[in-house]
Amino acid sequence: VKSALAIAAEVRSGGISASAILAETLNTISARDPAINAFTTRLDAQARRDAAAVDAAIAAGRDPGPLAGVPFAVKNLLDIAGVTTLNGARINADSAPATADATVVRRLRERGAILVGALNMDAYAYGFTTENTHYGPTHNPHALTHSAGGSSGGSAAAIAAGMVPLTLGSDTNGSIRVPASLCGVFGLKPTFGRVSRAGAASFVHDLDHLGPFAACTDDLAAAYEAIAGPDAHDHACSTRALDPVASTLSAGATGLRIAVAGGYFDGPLAPEARAAIARAAATLGARDNIVLPSADTARASAFVLTASTAGSLYLPQLRARAQDFEPLSRDRLLAGALIPAAWLHAAQRFRRWYHDRVLEIFQTVDAIIAPATPCSALPLGTESMTLDGQTMAVRPNLGMYTQPISFIGLPVAAVPIECGSALPIAVQVIAAPWREDICLRIASALERAGAARARIA
Amino acid sequence: LHLPIAAEHLPGVRENFARIVTFAQLILAAPLTRTDEPAPIFLPGDRL
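Protein chains in written order, with this note's numbering: chain A, 1439 to 1895; chain B, 3 to 50.
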């Protein structure tokens, strides 16, 4: 499987045409996806036109863009002009097609990348398993009977199956990091406000983030640089100039103060999750433990904020057609709509308190290593899991270690660690706001040391 | 709220609400003071 940057270099140099790359990609998707169900929409005709345009630009001596000919696909909550934005839900199936591409889709296409389709997800992005009743589950490419994680399960599985080198997903409570961990690929959840959400279906407006998945850190950095930066169409998108990251990767982790998250993040964990943390920490020489104060309350606040905001967002449809909702999340949305305002307000007040305490920690460390998921992928349909003697429901708890981080918008890379486990698992590399460069430098250092590697089935 | 809940959905709604109550109890026990403001700040003119 070629990396995105290798494809772009080859296409730009005339070594291979974008149309040939695309034909190979479409064949691979046809062969692999029936067993995986990552794609909900294919855009073969549009992709062939775009690839032909790239080839024509090269033939005419014009610059086709830095990502020329790179096939990519996006979670189906992102607008694609001419395609109905499903957001994983049957209640949207009859909606009018989008009239324009989401900002992030447009930015990749403007750089020469070729959009080949839309990807499966948990309905409304409310879930961690991509068990979608109406569009079918996405199967983990490393164990087809197992979950790919969610809610961006199609985005992670498409990379892990070697169907495309680059995808986009969203992360409100862990929806990039959880599937990246369970599928064994790299994912980046940038700082809140760093990547425009214009043209993305909203879930929890002040927790929603967009970000890329890839099979290597170099591709992840290139995709991030392509999609990030100011955008007047998203009021929460920062006007802060984008700092380069790709050019900093070679600096590695040298000089960075890296600690391991203890306390709340120390368990419950499956042995493979502990092994991943240990391997990452040993490789990086991270010996200190730090405690994020009241991380359990942060997780609780993210949970309540999510349930309440999503319940409120979908209230009109819940009144009119609750029977058409995804059964796995309908009752959660109904319960969320009933949350008293006082609880929501307390969660938002705690959020500010927690944010300020955690930022103090970044006075003494540059990055924090934490588990991405409490365990590796579980069989589809699994209702409960027992970890360190504690039995808990699977669907609300796969994101128990990601929620306290996205709750305050910190940048995080999900880095798949080689720790001898049968199925993949990742760690989170967390940095202070706007320091995606640190997350990616550490991911790159782990990759170059052989401790991190994407698994492609 | 004018939110009818079908009888077959009530057990699931109760189960989910019970989980939310557990989390809410943690939040309400947080050591907040009267000066701790909510996180989202409304910025007048931010769309101008």
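Bear in mind the hints are in silico, worked out from the structure with no lab data behind them. Just so you know, not all the hints are guaranteed correct.
[What the hints assert, rightly or not] Partner residues aside, some chain A positions facing chain B, computed with beta carbon under 8 Å:
#1 1548
#2 1640
#3 1685
#4 1689
#5 1742
#6 1783
#7 1784
#8 1787
[Claimed, not checked] Anything over 10 Å on all C-beta distances counts as not near chain B; from chain A, calculated:
#9 1521
#10 1680
#11 1738
#12 1769
#13 1825
Beta carbons are placed, not taken as given, at the ideal position from N, Cα and C, and that holds for glycine.
Against which earlier hints does the structure fall short, listed by number upward? 1, 2, 3, 4, 11 and 12
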